[in-house]
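Protein sequence lines, in the order shown, are assigned to chains A and B. If you're matching positions, the first sequence starts at 11 in the numbering used here and goes up one per residue. If you're matching positions, the second sequence starts at 637 in the numbering used here and goes up one per residue.
Please note that the accuracy of each hint is not assured.
What the hints assert, rightly or not - Covered stretches of chain B, as calculated for chain A (at least 3 residues, CB under 8 Å):
id	stretch
1	682-690
2	703-709
3	833-847
4	882-893
To be verified - Some chain A residues judged to face chain B by a derived CB distance under 7 Å, without partners named:
id	residue
5	I24
6	V31
7	K34
8	G40
These aren't lab readings, by the way, just hints derived from the structure by calculation. All of these numbers come straight from a predicted model, not from anything done at the bench. Every residue, glycine too, gets a C-beta built ideally from N, C-alpha and C.
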Amino acid sequence: MHDNVIDRSKDITILEVLDRVLNKGVILTGDIVISVADIDLVYLGVKLMLSSVETMEQIKSGKSVNV
Amino acid sequence: MINDLIYVYCISNSPPGHIRNMESLGLKSLRFGDFYVMMKYVSESEFSEESLKKNSSDIQWLEINAREHLMVIAMIMEQTTVIPFTFGTIYQSVDSLNKFIEDYSGSLIANFRHIGGKEEWAVKIYCNRKVLNSQIDELSEEAAVLEKQIMASSPGKAFILQRKKDVLIEDEIDRICKNYGQLYYDEFKNLSESTCLNNLLPKELTGRGDTMILNANFLVSKGKVTDFKSIVEKLRENDGKPGFIIETTGPWPPFSFISIKEKQ
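Make a model of the complete structure from these sequences and hints.
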């Protein structure tokens, strides 16, 4: 088995995963699909998650946090 | 809880063998003529239109399910050519899925022909503007000329010229990024069958300090993959400028090179 994405699955960021599996491949053919508006919300969620991680790191490292 | 909705991962054109965790994930392979659909039954409470809308805003739920989607397809890709479905594609019944396959069979065959024997590789290039800024006098003739003038000027004039240079630097960095981005892109493109440019992701999403200047996917014949991967080393040795970071990842399921069109 060669070294493909499965073997590195833990290293793949959630952003990398979403960038691939949302809005690509066979799209808009199912009876139910995630709408484009929902995808925007998903990215907003990721953005909030990343910024909260950053905030946590700033708090841990003792830097001031701009709110 | 009744699991009667059909969640589809991918379609393959030969029967997939057994894959890791197949039973625990509830995966099933259904045959429709020459096509094999990897699917699982899911509940309305999780995957009805309303539930999907609600769940997709729950990052934890999304992360677990989106990762599973990608990994299942990647495992099947190890055995056979796959047409991946976008995350969260649900059919109400086997009949409905069968109708999709019948209506789109010509398009599915064309897609299998397009992606067969090839792999999807991703290339992301980032630019560290601070690094380019620090060596701008070597990278930009105009900046070097201005720098000489600044050195030879009175403090007052030097101040004004420095302001002018600061504006110039931003434009020059943009130009340098564009030129190198294009140069690198062309190198990868020359070894590919197809390419797909994606939106550049902002720093808020990448969580990185540097700036993304290229986000592209390439469809590469299996015989050319080694050469494709060695481009990165070649660029680093020959043309690679400090300040640019090139990342290649793959092989990915060919999400970027699927185009499904309904029967006319």
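Restraint check, 7 Å cut-off on beta carbons, for I24 of chain A near chain B: Hint holds; I24 of chain A Cβ to chain B Cβ min 5 Å, cut 7 Å.
Interface hint compliance - V31 of chain A to chain B, C-beta minimum distance less than 7 Å: Since chain B brings a Cβ to about 4 Å from V31 of chain A, closer than 7 Å, the hint holds.
Claimed coverage, the stretch 833-847 of chain B by chain A - three or more beta carbons nearer than 8 Å: It holds: at least three residues are needed, and the stretch 833-847 of chain B offers 6 whose Cβ sits within less than 8 Å of chain A.
Supplied contact hint for K34 of chain A, tested at 7 Å Cβ to chain B: This hint holds: K34 of chain A lies near chain B, its Cβ roughly 4 Å from the closest one there, short of 7 Å.
Cβ contact check, 8 Å cutoff: the stretch 682-690 of chain B against chain A, three residues minimum: Contact hint for the stretch 682-690 of chain B vs chain A: holds, 5 residues under 8 Å.
Given coverage of the stretch 882-893 of chain B by chain A, tested with a Cβ cutoff of 8 Å and a minimum of 3 residues: Coverage by chain A holds here, the residue count being 7 at a Cβ distance below 8 Å.
Within 8 Å of chain A's CB atoms, at least three CB atoms from the stretch 703-709 of chain B: coverage verdict: Check passed, 4 qualifying residues.
Agreement of hint G40 of chain A with chain B interface, Cβ distance less than 7 Å: holds, 4 Å
Comparing the model with each numbered hint stated earlier shows that all of them hold.
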